[in-house]
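Undergrad: Single-letter residue listing:
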Amino acid sequence: MSQWLLVIIIVLIGAWYLSFTATRLDRLHHRVETSWANLDVLLQKRAAVALEIAHSDIADPASSVLLTAAAYQARDADIQNRSQAESGLSGALGLLLEDSEHLETAADSALLTELSALTDKVRVAIAIHTDAVARTQMVRRKFIVRLFRLAGTAPLPITYEFEADVL
Amino acid sequence: MLTRSLKIGIVCPYSWDTPGGVQNHIRDLAEFLISAGHDVSVLAPAIDEAKLPDYVVNAGKPISIPYNGAVARVLFGPVAFARVRQWISQGDFDLLHLHEPAIPSISLLACWAADGPMVGTFHAAAKRQKIIFAIGPILEPAIEKLSARIAVSEAARLTLTDHLDTDAIIIPNGIYAKRYAHGKLQEKWSGNTIGFIGRFEEPRKGLSVLVDTLPVISRFAPDVKVFVAGPGDPEEVIKSIDPQLRHRFEFLGRISEEDKADFMSSVALYVAPNTGGESFGIILAEALAGGACVVASDIPAFDDLLGHGEFGALFASENPTDLAKVVIDLLRDESKRKKLADRGKIHAQLFDWTVVAEQIYSVYEMSIVGSEKVRLASDTRPWNRFLNKEEKP
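Line by line, the protein sequences are chains A and B. The first sequence stops at residue 167 when you use my numbering, and every number in between is there. The second sequence stops at residue 1393 when you use my numbering, and every number in between is there.
None of these hints come from the bench; they were simulated from the model. Each residue gets a CB set at the ideal place from its N, CA and C atoms; glycine is no exception.
Computed Cβ-Cβ distance ranges for the label pairs, DEER-style:
hint : chain 1 : residue 1 : chain 2 : residue 2 : range
1    : A       : 98        : B       : 1233      : 52 to 60 Å
2    : A       : 84        : B       : 1254      : 53 to 61 Å
3    : B       : 1254      : A       : 60        : 56 to 64 Å
4    : A       : 110       : B       : 1081      : 43 to 51 Å
5    : B       : 1373      : A       : 120       : 22 to 30 Å
6    : A       : 69        : B       : 1127      : 48 to 56 Å
So the derived list for chain B, only partly shown, Cβ under 7 Å to chain A, looks like this:
hint : residue
7    : 1141
8    : 1144
9    : 1148
10   : 1167
11   : 1169
12   : 1362
13   : 1366
14   : 1369
Use the sequences and the hints to build the structure in full.
TA: Dropping the structure here:
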């Protein structure tokens, strides 16, 4: 009799643990999606600002061409090439900003202020996103998660290699 | 900064009545957010409910537990858990900001009970402890629910990554830099003077290191005076000082914020000889903002805040000989003092609330997605949804 009770208790605890882990994983997937959505919006904004800078007086013709190309590449890149394209844009912006300390008009410096505010936000968004991805991957590697296929059909999140030092 | 008015719930783990860095941080942050047009509710344990500001909700009487080399007044238990749940379900918050969610407190309870946009701030810096390997698996699923983690310094971030294997964004503690910017030079505190502010009775504040240095300093600067401000009973400390040097010390007791500003702009040197347990060093930021030339021990938090010596002089922690060397060198060289203080004052603007709150707010923005609100986690579990449906006719 008591053996049966024990079995029932173990099964109940097991069921609770499975449900708990499934909820946890679901929440993590949600975090990965939302943090990526955030990052994506910010990166799109950054590309837009980069284009504006390319068309303004801040950029000389040569850097303007470079910047425009990089911005379009970043905008159109598919998910696999995204991080590389964004790093390219960071590099192009970095090159331009290195020697733009002396600015004539207020409109130009407003653009640069906007860019630096965006860059700060992008940095935070990257940190939040990579953390969510790392955690999700960690939980999905657990034996019990793989055994019971708790992740369902959700794709395994990809780690993005953003070069934080360039930004 | 205001894009839309948010309903923000902040949880303070420590007793609101006891003075402390975390409490001050939360008070200033809450008041800043309120002045920016947000609706803020702070849940905190408190002993005396009558003295609470109207944005603070009392969670109950705190209990004292030893934690990180000091006594922490926190609160937990089933009754507190029920209060936390009630606060969350009635608050209808857009976002929760939990402070120090990794210690047993109402912050952890809130993290456990809530579901939705949550931000956690980690203040403490501690050495790696074995105990965490036992409680880690319990904490991790809760801490993981935070959509973003903030650490107040590099030291606090390292503590977090060491213990819980998760990363954080660094956003420093805030100060109202303007309050300290226009201190008046007070005759009584100027000259060859050294300032110290803090609860000097606590050994980790390191006043004894400064006391040990004085015989050497007074040989090179015979007119040196040390002003010690802060709450506490000076009796014990005075006993430990060489009788011939006792008249070099003056205990001022607790001083007001205005006096603090004057103090910082008057003393020749501000010395922070803390031996550890410090994770940010808000007093250093205030000293820099007040235009003081700062000398601090090279514990990680101070080393970081002072830019490895660029914005203030550092000495080897708990080493009176090294402290004496640095102090004497600076007392003799006024232009060097001035240069350090000027650089420091500019640097301190980075810790001003206008900058810091902006950074915190942008983390809030990234944690809030759509119009999703904070709910009780139990409401979203399938079996509870089922039960609730049964109850309602």
